[in-house]
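**Student:** Assemble chains G and X onto chain B, guided by the hints.
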Amino acid sequence: MAYTLAEIATRFGGRVLGDAETRISQIATLEKAQSGQISFLTNSKYRAQLANTRAGAVILGEADAEATDLPRIISQNPYAYFAKVSALLNPFPETLSGVHSSAVVGPGAQIDPTASIAATAVIGAGAVIGADTVIGAGCCIGDNVVIGRHVRLYPRVVIYHDCVIGDNLIAHSGVVIGSDGFGIAMDEGRWIKIPQIGRVVIGNDVEIGANTTIDRGALDDTVIEDGVKLDNQIQIAHNVRIGAHTAIAGCVGIAGSTTIGKYCQIGGSAGILGHLKIADGVVIASFTLIGKSIREAGSYAAIYPFARTEDWRKNAVHLRHLDEMAKRLKILEQQLLKQESLKGNTDE
Amino acid sequence: MAYTLAEIATRFGGRVLGDAETRISQIATLEKAQSGQISFLTNSKYRAQLANTRAGAVILGEADAEATDLPRIISQNPYAYFAKVSALLNPFPETLSGVHSSAVVGPGAQIDPTASIAATAVIGAGAVIGADTVIGAGCCIGDNVVIGRHVRLYPRVVIYHDCVIGDNLIAHSGVVIGSDGFGIAMDEGRWIKIPQIGRVVIGNDVEIGANTTIDRGALDDTVIEDGVKLDNQIQIAHNVRIGAHTAIAGCVGIAGSTTIGKYCQIGGSAGILGHLKIADGVVIASFTLIGKSIREAGSYAAIYPFARTEDWRKNAVHLRHLDEMAKRLKILEQQLLKQESLKGNTDE
Amino acid sequence: MAYTLAEIATRFGGRVLGDAETRISQIATLEKAQSGQISFLTNSKYRAQLANTRAGAVILGEADAEATDLPRIISQNPYAYFAKVSALLNPFPETLSGVHSSAVVGPGAQIDPTASIAATAVIGAGAVIGADTVIGAGCCIGDNVVIGRHVRLYPRVVIYHDCVIGDNLIAHSGVVIGSDGFGIAMDEGRWIKIPQIGRVVIGNDVEIGANTTIDRGALDDTVIEDGVKLDNQIQIAHNVRIGAHTAIAGCVGIAGSTTIGKYCQIGGSAGILGHLKIADGVVIASFTLIGKSIREAGSYAAIYPFARTEDWRKNAVHLRHLDEMAKRLKILEQQLLKQESLKGNTDE
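Respectively, the protein sequence lines represent chains B, G and X. Per the numbering used here, residue 1 is the first one in the first sequence, and the count goes up by one each step. Per the numbering used here, residue 1001 is the first one in the second sequence, and the count goes up by one each step. Per the numbering used here, residue 2001 is the first one in the third sequence, and the count goes up by one each step.
The shape of chain B in the complex, shown without the other chains (with noise of 0.2 Å):
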């Protein structure tokens, strides 16, 4: 597959500069590119790179427009640019529609005739499985689970019953949607276990990475609205809500009953305690736990600065102790006040 400045710039916008015939095939770094590939920059700060690219083309900033005489295309956001192109030069592979022999599907289970079931894959009884649906190798999908159009399961990945899924989600190898949330109720010396009975509905174009895990609500369902993005490794209690467009990176763990708004962006290995209410276009940094809701959009941090660890120990051990520092320096204060008020009196 190669297309030609000209060709991709019908379809994605942008303006050529240089030989808009430019054939390219692949997407690569600067570094790296060959001739037939095109580069991208998105940082002007990186321009000094561009001199030394053998690539064949390159997406630009109108800032960088002149930066180089290479064939290029100018966009106003370079990154989501090099996005599209990429996608157009690498599709998804090809994959042969129909049930593999060694898959198992349950009774009532409905699977568009444009669907894939890869080997060994179970589908549960009464389950639907939408057109043009990959559902990959090994994957199992509880009864009566319902999964709309474009979907691509990797290798892997397990749906418990009764959840809901929209169209294009992709969710990578090793995912569990819709296991029990962690409901326990103390009675008598025992905990005893709280039947989750909600489940876990996904809008459309969602993407979850591996090993990512989405509990099933304990009474009502946890939802996932549109255009969500997870990284791998996150793990969501039950009766979260996550707004369109919020974006989260790995590691994260979103406790019970926590609803997040949209276009939020919370940084890895974060936390977020339960029954909280996040706003929109709210900015977490990584390895930050929020314990209390957030009312306003803004960028929230609560990190540790790292040290060489003997500068760490001497410091962290005042930690322990900066409520007594804190009042040792306000008796500092009250008696210099009062040394500046004898003063006065006498200097009278």
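It should be emphasised that the hints constitute simulated quantities derived from the structure, not laboratory data. Hints should not be assumed to be uniformly reliable.
Claimed, not checked - Now the stretches of chain B that chain X is said to cover, found in silico as 3 or more residues with beta-carbon under 8 Å:
# : segment
1 : 50-59
2 : 150-162
Claimed, not checked - Simulated restraints, written as ranges between beta carbons of each label pair:
# : chain 1 : residue 1 : chain 2 : residue 2 : range
3 : X       : H2275     : B       : A87       : 22 to 30 Å
4 : X       : A2063     : B       : S299      : 32 to 40 Å
5 : B       : E324      : X       : A2063     : 40 to 48 Å
6 : X       : V2283     : G       : R1011     : 19 to 27 Å
7 : B       : D69       : X       : V2317     : 54 to 62 Å
8 : X       : Q2034     : B       : K32       : 43 to 51 Å
Backbone N, C-alpha and C fix where the C-beta goes; we use that ideal spot for every residue, glycine too.
**Tutor:** Chains G and X alone, transformed into the frame defined by chain B:
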């Protein structure tokens, strides 16, 4: 399935007020419940919600017994009561006993005739599967594993060879039990592997959340005692022992050879270093690293409080200078003390 | 299998004291060892335990050579020696070579006749599986994956298409290698996916713990060099490079495009932000987030020390006022300096 309040109270105790013949078939939140459904109030703080509920009946604590006219059951522990009623109304779905034709069973495995082995499960040589146990689709049970009665493994659980599982375990998808602990020794510039020849031994009435991993012991066993409840994505290292009825929230990591007492509660994403002892009844906050043994029951924490990023940055920079601050504070105190003492002298 | 101390010393070196014909068949802790078993002491601090052991022999360092009369092997590195003896006594169980009848092998796959493909494993088209390699039950190997010799994949490992695996890899259950990196670009209010067209390339002698995930590169490859040891539930993002013989404990997250040096050691639940460079020989404490590149070997930490919750709360509140405290301290210093200077003047 539907039960009258009278039937429920006969099973689980409690006092019925209002029409004891009210029939209920499902449980729901106060907000969503319909007639024919029972709801519950576990905290008098939310008593106002009682006024608007359309539930057919409610479960209440003694303090709220007269807070509504609805048919109701009064219990000393309404949350546990709710759990029991929910379990009554939502039993595990029936599973056909027997071994699915696509499952693979090794030589010498003993599978109780009442057990159920789902599609594509693999049972190792010499494994023992107890009565009424359900092995989900795609599970892999290693050679010589012994599994008790009434165990439920959801799809894609792996149990390595020789591990021992008690009765009533519930293990969710992606759980790995008995993988090798992280045992390595440096030898002339290379790590060499220490064989992990212990087992994982799990008591009765344990639940393990999705994608949680429990490593086998290096020499002795890793032990999970009766009634332990583990949430999703927890990592339990080799030779850890977790005391009975301890509950651990998601994403916690426990390092090797640590012993945790009974009835502990560990918050999400917390960690415990290796070779420590944690007493019975210890509560550990989310995001807290425990780096020393804890000898007394009680509540422990180490959470860095979050703030707007600009405020966090302004304050966090001083963490690298706390020792210097402490010294400067001390110098000021000494200077003032000297002044006071000099003044004392001159005052004489 | 049993060996005399003399036979062991012939293989692994070291000096035998006492009866060199003592036969041992297993390794165990000092506390649990029986006659016929060998134990070891790696730290003179625990020398007292030697007195009570019922072990048939022990492995000791030079400093403890005379601390017991038991038959013993003296080694300069008793921990590594123990590892070697344990590996001798506990070899991997024999696996039958060949492809299980329930496994599914794609067209053009090349499987060495000495390799073993277990039940329900799925091997993609064009994949290459080397000599003596064992692919566990339920593993899914993508198209065109190349796997070396003596590799051992435990059940349910997934390797995505085109990845390259060296010799002697051990990967535990739930490992996912080659899933898409978290590459998204915002375009007019929607995230669009950046195709992840790099691979994961893994060197020789690597071990990967249960449920660890390693994402494929966005354009170039993600690289794990020779001898790297990864514990469970680690997340390695796209285009990360991990230097040879680096060891990483459980639950660590490493963000995209970060390069980690050789012989590093990273503690549990630590994190490293993206696009950083970590020098060779860096040791990072548990729970520490590294937010800047580290250019020098050494030990780094950022752990908030835990305390009783009431003490923690009393102290932590001041973290939001550290900057104010620092300013107040400075004002006090200036006031005192002014006083001293005034006094100096009046003293003259």
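**Student:** Are the hints correct? Go through all of them and say.
**Tutor:** Cross-check of the supplied hints:
For the segment 50-59 of chain B, the stated coverage by chain X is not satisfied: 0 residues place a CB nearer than 8 Å to a CB of that chain, which falls below the threshold of 3. As drawn, the segment 150-162 of chain B meets chain X at 3 residues by the rule of a beta-carbon pair under 8 Å; at three or more, the given contact holds. For H2275(X) paired with A87(B), a C-beta distance near 23 Å keeps the hint of 22 to 30 Å intact. Distance hint for A2063(X) and S299(B): a CB-CB separation of about 54 Å, inconsistent with the stated range 32 to 40 Å.
A hinted range of 40 to 48 Å holds for the C-beta pair E324(B) and A2063(X), which are about 43 Å apart. About 58 Å separates the C-beta atoms of V2283(X) and R1011(G), a value inconsistent with the hinted range of 19 to 27 Å. Remark: the range hint 54 to 62 Å for D69(B) to V2317(X) is upheld by a beta-carbon distance near 60 Å. At roughly 60 Å, the beta-carbon separation of Q2034(X) and K32(B) lies outside the given 43 to 51 Å, and the hint is violated.
Comparing the model with each earlier hint shows violations of hints 1, 4, 6, 8; every other hint is respected.
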